[in-house]
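Q: Produce the complete structure using the sequences and hints provided.
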Amino acid sequence: GAVVSQHPSRVICKSGTSVKIECRSLDFQATTMFWYRQFPKQSLMLMATSNEGSKATYEQGVEKDKFLINHASLTLSTLTVTSAHPEDSSFYICSALGPHAQPQHFGDGTRLSIL
Amino acid sequence: GENVGLHLPTLSVQEGDNSIINCAYSNSASDYFIWYKQESGKGPQFIIDIRSNMDKRQGQRVTVLLNKTVKHLSLQIAATQPGDSAVYFCAENPGGYNKLIFGAGTRLAVHP
Numbered sequence: 265g266a267v268v269s270q271h272p273s274r275v276i277c278k279s280g281t282s283v284k285i286e287c288r289s290l291d292f293q294a295t296t297m298f299w300y301r302q303f304p305k306q307s308l309m310l311m312a313t314s315n316e317g318s319k320a321t322y323e324q325g326v327e328k329d330k331f332l333i334n335h336a337s338l339t340l341s342t343l344t345v346t347s348a349h350p351e352d353s354s355f356y357i358c359s360a361l362g363p364h365a366q367p368q369h370f371g372d373g374t375r376l377s378i379l
Numbered sequence: 062g063e064n065v066g067l068h069l070p071t072l073s074v075q076e077g078d079n080s081i082i083n084c085a086y087s088n089s090a091s092d093y094f095i096w097y098k099q100e101s102g103k104g105p106q107f108i109i110d111i112r113s114n115m116d117k118r119q120g121q122r123v124t125v126l127l128n129k130t131v132k133h134l135s136l137q138i139a140a141t142q143p144g145d146s147a148v149y150f151c152a153e154n155p156g157g158y159n160k161l162i163f164g165a166g167t168r169l170a171v172h173p
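Residue numbers (the numbering used here), protein chains in the order written: chain A, 265 to 379; chain B, 62 to 173.
Read the hints as simulated data drawn from the structure, not as lab findings.
Just so you know, even glycine gets a beta-carbon here, dropped at the ideal spot from N, CA and C.
You may find that some hints are simply not true.
[To be verified] To give an idea of the chain B side of the interface with chain A (calculated C-beta under 7 Å), a few residues:
id : residue
1  : ILE95
2  : GLY104
3  : PHE107
A: Right, here's the structure in full:
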């Protein structure tokens, strides 16, 4: 149980393109999801907390207009990287709080490469 | 722990030995701690967690120890296997918001 699916797993696109990443909880409802960013050989850095039906809470230094988060249902949160540039290339990972709160269950990430 | 470092520290062990991975956390108000295992190209996988009212918790082949006095967390893996090779992250919940702050991570390399 507590499976989180992320799609796509890999995206390669041109600079200036906007990219949408989906995070789904497959077998449970998740009122809270999280979005992380991970650079090679580094740890996960929390970008934002996504709550169903309300605005996301962004961590300090994360541009909310650059990284749009929508959590429209109890099983789906999306992250849109707007007008992506090469410096946005990274591994983006989502997680969801399970039915009993902790622990967070993670998706398998999306590798975003901006040319 | 802080998200710092351009490279991950590595712990190399022989297959069958016990492994101990250490983590220093930063917030004395943290009330929940968790260990994740991350294999290359995948998301973190839950291993074991512990609340601040405990100092030890055991799972299958794994034990987590918490020392709140010195803000230290450790993960012990018994009879380490090649399949245990991965990067291990500790994370803390700084209380009240369910979010997790991740440590820098340790790469575990298991040699046959």
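Q: Is the hint on ILE95 (chain B) kept, meaning its closest Cβ partner in chain A is under 7 Å away?
A: For ILE95 (chain B), the interface hint holds, since the closest Cβ of chain A sits about 5 Å away, which is under 7 Å.
Q: Hint validation: GLY104 (chain B) versus chain A, beta carbon distance must be below 7 Å. Holds or violated?
A: Check passed: Cβ of GLY104 (chain B) comes within 4 Å of chain A, closer than 7 Å.
Q: Would the stated hint for PHE107 (chain B) survive a check requiring a Cβ distance to chain A of less than 7 Å?
A: Cβ of PHE107 (chain B) sits 5 Å from chain A, so the hint holds.
The structure is consistent with each of the numbered hints, conforming to all of them.
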